[in-house]
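Participant: So the sequence lines, in the order shown, correspond to chains A and B.
Each residue of the first sequence is one higher than the one before, starting from 7 at the first, in this note's numbering.
Each residue of the second sequence is one higher than the one before, starting from 7 at the first, in this note's numbering.
Bear in mind the hints are in silico, worked out from the structure with no lab data behind them.
Keep in mind that this is a model prediction, so the values were computed, not measured.
Just to be clear, a hint being listed does not mean it is correct.
[Stated by the list, open to error] Computed far set for chain A versus chain B, every beta-carbon distance over 10 Å:
| id | residue |
| --- | --- |
| 1 | Val-37 |
| 2 | Glu-151 |
| 3 | Met-156 |
| 4 | Gly-218 |
| 5 | Glu-224 |
| 6 | Asp-252 |
| 7 | Ile-257 |
| 8 | His-289 |
| 9 | Gly-290 |
| 10 | Arg-336 |
[As the list claims (entries may be wrong)] A few chain A residues that don't get close to chain B, going by computed Cβ distances all over 12 Å:
| id | residue |
| --- | --- |
| 11 | Pro-30 |
| 12 | Ser-70 |
| 13 | His-104 |
| 14 | Arg-140 |
| 15 | Thr-208 |
| 16 | Ala-245 |
| 17 | His-278 |
| 18 | Ala-281 |
| 19 | Glu-288 |
| 20 | Met-315 |
| 21 | Asp-387 |
| 22 | Ala-437 |
| 23 | Asp-472 |
| 24 | Arg-475 |
[To be verified] Across the chosen pairs, the derived CB separations fall in these ranges:
| id | chain 1 | residue 1 | chain 2 | residue 2 | range |
| --- | --- | --- | --- | --- | --- |
| 25 | A | Ala-116 | B | Ser-238 | 47 to 55 Å |
| 26 | B | Pro-275 | A | Glu-115 | 40 to 48 Å |
| 27 | B | Gln-179 | A | Glu-115 | 23 to 31 Å |
| 28 | A | Gln-45 | B | Ala-373 | 44 to 52 Å |
| 29 | B | Ala-373 | A | Pro-118 | 26 to 34 Å |
| 30 | B | Pro-256 | A | Gly-450 | 55 to 63 Å |
| 31 | B | Gly-31 | A | Gly-290 | 56 to 64 Å |
| 32 | B | Gly-31 | A | Thr-318 | 43 to 51 Å |
| 33 | A | Pro-163 | B | Ala-400 | 40 to 48 Å |
| 34 | A | Lys-171 | B | Ala-400 | 50 to 58 Å |
A virtual CB, placed ideally from N, CA and C, is assigned to each residue, including glycine.
Number of protein chains: 2
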Amino acid sequence: MDAPLYLQLAQRLSQHIAQGTFAPGEQFPSVRQLMKTHQISMSTAVQVCHTLEDWGLLQARPRSGYYVDAAPRAGLSRASEALPTRRLTQPDSFTGLHATIARWLDLLEATPPRINFMTGVGAPELYPTAALQRLAASALRQHPEVMTQMTRRYGHPDFLAVLAKRAATRGMQLRADQITVTNGAIEALTLALRALCQPGDTVAVESPTFYGALQALEALGLRPLELPTSPSTGLSVEALAMALDDPRTPIRALLCMPTLHNPLGCTMPDAHKRAVLQLCGEHGVPIIEDDIYADMGAAASHCQPIKAMDETGLVIHCSSLNKSLAPGMRIGWMSAGRWQARVEMLKYSQSRFPEELGQIVLARFLASKSHDRYLRRLQQDLRERRQALADEVARCFGDQVKLTPPDGGLFLWLELPAGVSAMQLGHDALARGIHIAPGPLFSGQPRMDRFVRLSAGMASRADITDGMRSLSELMAQQLQPPGGGAMH
Amino acid sequence: MDAPLYLQLAQRLSQHIAQGTFAPGEQFPSVRQLMKTHQISMSTAVQVCHTLEDWGLLQARPRSGYYVDAAPRAGLSRASEALPTRRLTQPDSFTGLHATIARWLDLLEATPPRINFMTGVGAPELYPTAALQRLAASALRQHPEVMTQMTRRYGHPDFLAVLAKRAATRGMQLRADQITVTNGAIEALTLALRALCQPGDTVAVESPTFYGALQALEALGLRPLELPTSPSTGLSVEALAMALDDPRTPIRALLCMPTLHNPLGCTMPDAHKRAVLQLCGEHGVPIIEDDIYADMGAAASHCQPIKAMDETGLVIHCSSLNKSLAPGMRIGWMSAGRWQARVEMLKYSQSRFPEELGQIVLARFLASKSHDRYLRRLQQDLRERRQALADEVARCFGDQVKLTPPDGGLFLWLELPAGVSAMQLGHDALARGIHIAPGPLFSGQPRMDRFVRLSAGMASRADITDGMRSLSELMAQQLQPPGGGAMH
C-alpha cells in the first residue's frame with residue numbers, strides 16, 4: 007500500500023525545502039495555492055502543512071500563513087518512510103490536534119522501540135499476570151457459560167459491589183447501582199461528554215492534558231478551552247474562575263485529572279479540589295473527573311477525588327484498572343451523579359455492557375489480600391523507577407531541564423531549554439529507536455513544544471542510562487547545530 | 007429506592023382515570039397544564055403522558071393532544087409496580103422512541119420470564135459452550151500475558167485474518183487491514199453513524215427495524231426516515247427511490263439489514279440488494295449494512311451481503327458473533343469502505359480496541375472444522391424451532407394472524423387482527439410471565455401496534471404450547487372484552 011497522498015507530497019516538498027527551492031524565512035505557498043498547484047483537496051493541503059510543521063520545516067504565523075523555518079532541520083522525513091500499512095493518519099481522518107497525535111502514534115508504531123519512554127503503562131513484570139491468569143482459569147471452570155450467555159446490564163454484580171466498596175476507601179459514598187461498567191475509562195469520558203455536550207460546545211481542560219481526552223473532544227466536535235495548569239499543584243483555580251466568569255466562552259463542562267495528572271504527575275491539593283468543585287457548582291458546570299492513576303501513588307491512593315467532596319451529583323467520576331492492574335483489559339467504570347441515567351442510556355445504545363469474565367477476575371482480585379500486597383509493591387517499584395529516571399535526568403541535563411518531582415504515577419514532565427523543539431527531539435530520538443512523548447501531543451498551544459513527557463514505566467536501568475545520554479546528545483545538537491561549531 | 011417521579015405520577019393519574027375523574031373520550035390535561043398542576047419539569051410531564059399512552063389509558067391525537075382512551079384497560083399499571091432499582095427509564099433519559107423501548111425492557115427485567123419469546127438469542131444449549139471454554143482455557147495457558155499487555159490497535163491479527171477469509175466465503179473481497187474489531191455490532195453501528203452524520207441529519211431505515219438501531223439514532227440526535235419494508239422481500243426499492251428523489255428529506259445514509267432482517271426474518275432478493283446499491287450510489291448515499299444474522303439461516307449463509315456487490319466503498323458492513331456463536335462475547339467488527347480511516351479514528355477515540363482473549367478464542371473456533379459442524383447443527387435446530395412455533399401459531403390463531411414464513415434466524419413477525427393492540431397483548435402476557443416483543447418497539451409508526459415479534463430461540467416445545475394458548479386467550483379477551491359476552 008502506498009503512503010497516503012499528503013505524506014507523499016509532504017516528503018516531496020520537504021526535499022524542495024532541503025534543496026533550497028523554498029528558502030529559509032520565505033513564505034510558503036498557502037493552502038489554496040497548494041490545492042491548485044497539486045490538484046488536492048483542502049484537507050490534504052492542510053495535512054501537508056501540518057506535517058511539514060511537525061517535521062520542523064515550516065512555522066505557522068498567525069493571520070499570515072506558513073513560513074519556511076529559518077533553520078530547517080534535515081533528516082526528519084526519514085522516520086516517516088516506513089509507516090505501517092494501516093494507520094490513524096489516513097486521509098479522511100480528522101485534521102485538528104488529532105492529526106498531530108495520530109501522526110506521532112503511527113510513526114512510533116512503524117519503529118518499535120529499543121528504549122520506551124512513551125507508553126503510559128508499566129513493564130509486564132509490574133503486573134500480577136500469573137495471579138490474574140489463575141483467577142481467569144478458575145472463573146472459566148466455574149462459569150462455563152460466561153461466553154455464551156448474554157451480559158448483564160450495567161456490569162457484573164460482584165464487580166460493581168467491589169467497586170462500591172473500594173470507592174468508600176477513597177471517601178466516595180456510592181452504591182453499586184450508581185456505577186456503570188464501561189470499555190475502559192476512555193469510553194467513560196466519551197459517554198460523559200456525550201451526556202453533557204452538543205457539538206460546538208466548549209469544554210474546559212487542563213493544559214497540558216491527556217491526548218486521548220483532546221481526541222475525544224475533537225471526535226465529538228467539541229472545543230477545548232485550555233486552562234493554565236501547574237506541574238506541582240495542577241489546574242489553576244484562578245484561571246478557572248476567570249474562564250467561568252467570561253461570558254464570551256460559555257463552558258459546558260470541566261474535564262480534569264485532579265489526582266496524579268497525565269502528563270504532569272501532580273495531584274491537586276485538597277483545598278484546590280474543593281475550590282474547583284465550589285466554583286463549578288456556583289456556575290452549574292459539571293465536572294468530568296478522570297481518576298485512573300490514583301492507585302499508582304502511595305499518597306494519592308489515600309487522597310480524595312473531587313467526587314468524594316461532591317454532595318450534589320455534579321461530578322462524573324471515571325476510572326479503570328487498565329493502568330494500575332491489567333493493561334490487557336478494557337474495563338473501566340463511571341459514576342455520573344445527576345447524569346447517571348443519561349449515561350446508562352448512552353452506554354446501552356453505544357455498545358451494550360462489557361463481557362463478564364474479566365469483571366469476575368477483577369472482582370476476585372480486588373477483594374483478595376493479594377491486591378493490597380500487589381499495590382504496595384507496585385507503588386514501591388514505581389517510586390524507584392521514577393527516582394532512577396529523575397536522577398539520570400538531573401545527571402545528564404543538570405540545570406538545563408526543569409523537572410517538578412511528580413507525586414506518583416508513571417510520568418516525568420520535563421521543560422526543555424529555550425531553542426530546543428520537543429517535536430524535533432522526538433523525531434531525532436525515534437531515529438535512534440527511542441520513544442518519547444513530545445509536549446505538542448498534550449495541547450494545541452505552540453509553547454508546549456518546549457516540554458517532553460517521559461514514562462518511567464517501561465525502561466530498565468540500562469535503558470535509562472542509555473536513553474538519557476542519547477537525549478542529551480540530541481538536545482545539544484539542537485542547541486549547537488553541527489557546523490555551528492562555536493564550542494570547537 | 008422510590009419509583010421515579012414520572013412513574014409515581016402516572017400511577018396516581020391512572021387511578022384517577024380508573025375512577026372516572028377523567029372520563030373516557032375526554033381531553034387529558036396538556037403537558038403545560040401537568041407541569042403547572044404538579045410542579046414538574048417538561049420532560050417528566052412528557053414521560054407521564056407517554057407512560058399512560060403505553061398503558062393504553064391515553065390516546066395521542068396529532069395537533070390536539072392526549073385523550074382518555076374510550077375503553078380504558080384497567081390493571082396495566084400493575085406490571086410496573088415492581089420495577090428494578092436501576093432502569094433505562096429513569097428521569098433525564100431520552101424521551102422519544104427510546105422511552106417506549108426502555109420502558110418495555112425495564113418492565114421485562116422486573117418480571118423474569120416463565121416463557122421467553124422476547125430475547126433475540128438462542129437457548130444456552132444451542133451454543134458451543136464447552137468448546138469455547140476449552141479454547142479459552144488453552145489460550146490462557148499459552149498467552150498468560152493476555153490480560154496484562156496492552157491490546158493491539160484494530161484487533162488481534164489472527165482474528166482479523168480469519169474474518170477476512172470468512173468474508174471471502176460470502177463474496178466480500180476484504181483484506182485483514184480493512185476490518186476493525188468493535189464492541190459488538192451495536193458499537194459498529196454507532197461508529198458508522200458518527201462517521202457519516204451530524205446531529206439533525208436524516209437516516210433512512212426499514213420499517214420495522216431493530217430497536218437498537220432506532221435508539222442509536224436517537225442517542226446521536228439523528229432522525230429516522232422509516233421506509234416501507236415487506237415481510238417477504240424486505241426494504242421497498244420503490245419507496246427508497248422515492249425518498250432519495252424527495253428534496254424535502256435529504257438522506258444522509260441508509261441503515262439496513264438486507265439478510266435475515268430483525269424483526270421480519272426475511273432476506274432481500276439479490277436483485278433488490280443490487281438495486282438498493284445502485285440507487286444509493288447514484289445519490290451518493292452511503293449504506294450501513296447490519297449483517298449479524300447471516301449465519302443463522304442455511305440459505306442466507308450463502309447469500310451475499312450488499313457489501314459483496316459494492317465496488318466503490320459505499321457500504322459500511324457491520325457484523326458480530328454475538329447472536330450466532332457467543333452471546334456472552336461483545337465482539338463485533340466492521341469494514342467501512344471509504345470511511346474506514348474515519349471509523350478507526352472514532353473507534354480509537356471512543357473506546358480503544360477490544361480485549362484479545364475472546365478474539366483468540368473466536369479466531370481458533372472459526373478456523374476449526376467444529377465451526378462448520380456447529381453451524382449446520384445450529385441452522386437445523388433453529389429451523390425446527392421456527393417451524394414448531396409457526397405450527398403452533400397456525401394451530402392457535404388460524405387465519406386471525408398473518409405470518410410470512412421467515413427465511414431463517416430467530417424471529418417470527420405476526421400481524422394481529424384489527425382491534426388487537428400488541429402493546430396491550432404484551433402487558434397482558436407479561437402478567438402471565440410471558441415475554442414477547444410488541445411492534446411499537448420497532449418503529450415510531452402507530453400502525454406497528456398491530457404486530458408482534460416472537461423469538462423462537464429460547465422457548466421449549468412445552469413453552470410454545472403453553473405460551474401460544476395463553477396469547478390466544480389474551481387476544482380473544484381484547485376482541486371480546488369480558489362483560490361484552492356476545493358469544494355467551
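Participant: It remains to establish, for every hint, whether it holds in the given structure.
Facilitator: Structure-based check of each hint:
The beta carbon of Val-37/A is kept farther than 10 Å from every beta carbon of chain B, the shortest such distance being approximately 20 Å. With a least beta-carbon separation of about 6 Å from chain B, Glu-151/A fails to lie farther than 10 Å from that chain, contradicting its non-interface assignment. With a least CB separation of 5 Å from chain B, Met-156/A falls inside the 10 Å interface cut-off, contrary to its annotation. Look at Gly-218/A: its CB is around 7 Å from the nearest CB on chain B, not clear of 10 Å, so calling it non-interface is violated.
With a least CB separation of 8 Å from chain B, Glu-224/A falls inside the 10 Å interface cut-off, contrary to its annotation. At the 10 Å boundary, the C-beta of Asp-252/A stays outside the reach of chain B, the nearest C-beta of that chain being 26 Å off. Residue placement check: Ile-257/A keeps its beta carbon more than 10 Å from all beta carbons of chain B (closest about 20 Å). For His-289/A, the shortest C-beta to C-beta distance to chain B comes to about 20 Å, beyond the 10 Å cut-off, and the non-interface label holds.
At the 10 Å boundary, the C-beta of Gly-290/A stays outside the reach of chain B, the nearest C-beta of that chain being 15 Å off. With a least CB separation of 5 Å from chain B, Arg-336/A falls inside the 10 Å interface cut-off, contrary to its annotation. Every C-beta of chain B lies more than 12 Å from that of Pro-30/A, the closest at about 34 Å, which supports listing it as non-interface. Against the 12 Å criterion, Ser-70/A stays outside the reach of chain B, whose nearest CB is about 30 Å from its own CB.
His-104/A, annotated as away from the interface, has a beta carbon of chain B within 12 Å; the closest lies near 7 Å. Distance check for Arg-140/A against chain B: the nearest CB is about 9 Å away, which does not clear 12 Å, and the non-interface claim fails. No beta-carbon of chain B is positioned within 12 Å of the beta-carbon of Thr-208/A; the least distance is around 17 Å. No Cβ of chain B approaches the Cβ of Ala-245/A within 12 Å, the least distance being about 26 Å, so the stated non-interface status holds.
The claim that His-278/A lies off the interface holds: its Cβ sits roughly 29 Å from the closest Cβ of chain B, which is beyond the 12 Å cut-off. The beta carbon of Ala-281/A sits about 28 Å from the closest Cβ of chain B, which is more than 12 Å, so the claim that it is off the interface holds. Every Cβ of chain B is farther than 12 Å from the Cβ of Glu-288/A; the closest lies at roughly 22 Å, confirming the non-interface assignment. Chain B leaves Met-315/A outside its interface by the beta-carbon criterion, the shortest separation being 23 Å against a cut-off of 12 Å.
Consistency note on Asp-387/A: stated as away from chain B, and its beta-carbon is indeed over 12 Å from all of that chain's, at 14 Å minimum. With a least CB separation of 23 Å from chain B, Ala-437/A remains clear of the 12 Å interface cut-off, as annotated. Listed as outside the interface, Asp-472/A is consistent with that label: its C-beta sits roughly 23 Å from the nearest C-beta of chain B, beyond the 12 Å cut-off. Every C-beta of chain B lies more than 12 Å from that of Arg-475/A, the closest at about 27 Å, which supports listing it as non-interface.
In this structure the supplied range 47 to 55 Å holds for Ala-116/A paired with Ser-238/B, their Cβ-Cβ distance being about 52 Å. A hinted range of 40 to 48 Å holds for the C-beta pair Pro-275/B and Glu-115/A, which are about 44 Å apart. Against the hinted window of 23 to 31 Å, the Cβ-Cβ separation of Gln-179/B and Glu-115/A comes to about 26 Å, which satisfies the hint. Between Gln-45/A and Ala-373/B the Cβ separation comes to about 45 Å, which falls inside the hinted range of 44 to 52 Å.
Checked against the given bound of 26 to 34 Å, the beta carbons of Ala-373/B and Pro-118/A, roughly 27 Å apart, stay inside it. Here the CB-CB span from Pro-256/B to Gly-450/A is close to 33 Å, at odds with the stated 55 to 63 Å. The hinted window of 56 to 64 Å between Gly-31/B and Gly-290/A is violated, with their beta carbons roughly 44 Å apart. Distance hint check for Gly-31/B and Thr-318/A: the Cβ-Cβ separation is about 45 Å, which falls inside the suggested range of 43 to 51 Å.
The hinted window of 40 to 48 Å between Pro-163/A and Ala-400/B holds, with their beta carbons roughly 42 Å apart. Roughly 54 Å separates the CB atoms of Lys-171/A and Ala-400/B, a value that falls within the hinted 50 to 58 Å.
Figure legend: structure checked against the earlier numbered hints; hints not met, in rising order: 2, 3, 4, 5, 10, 13, 14, 30, 31.
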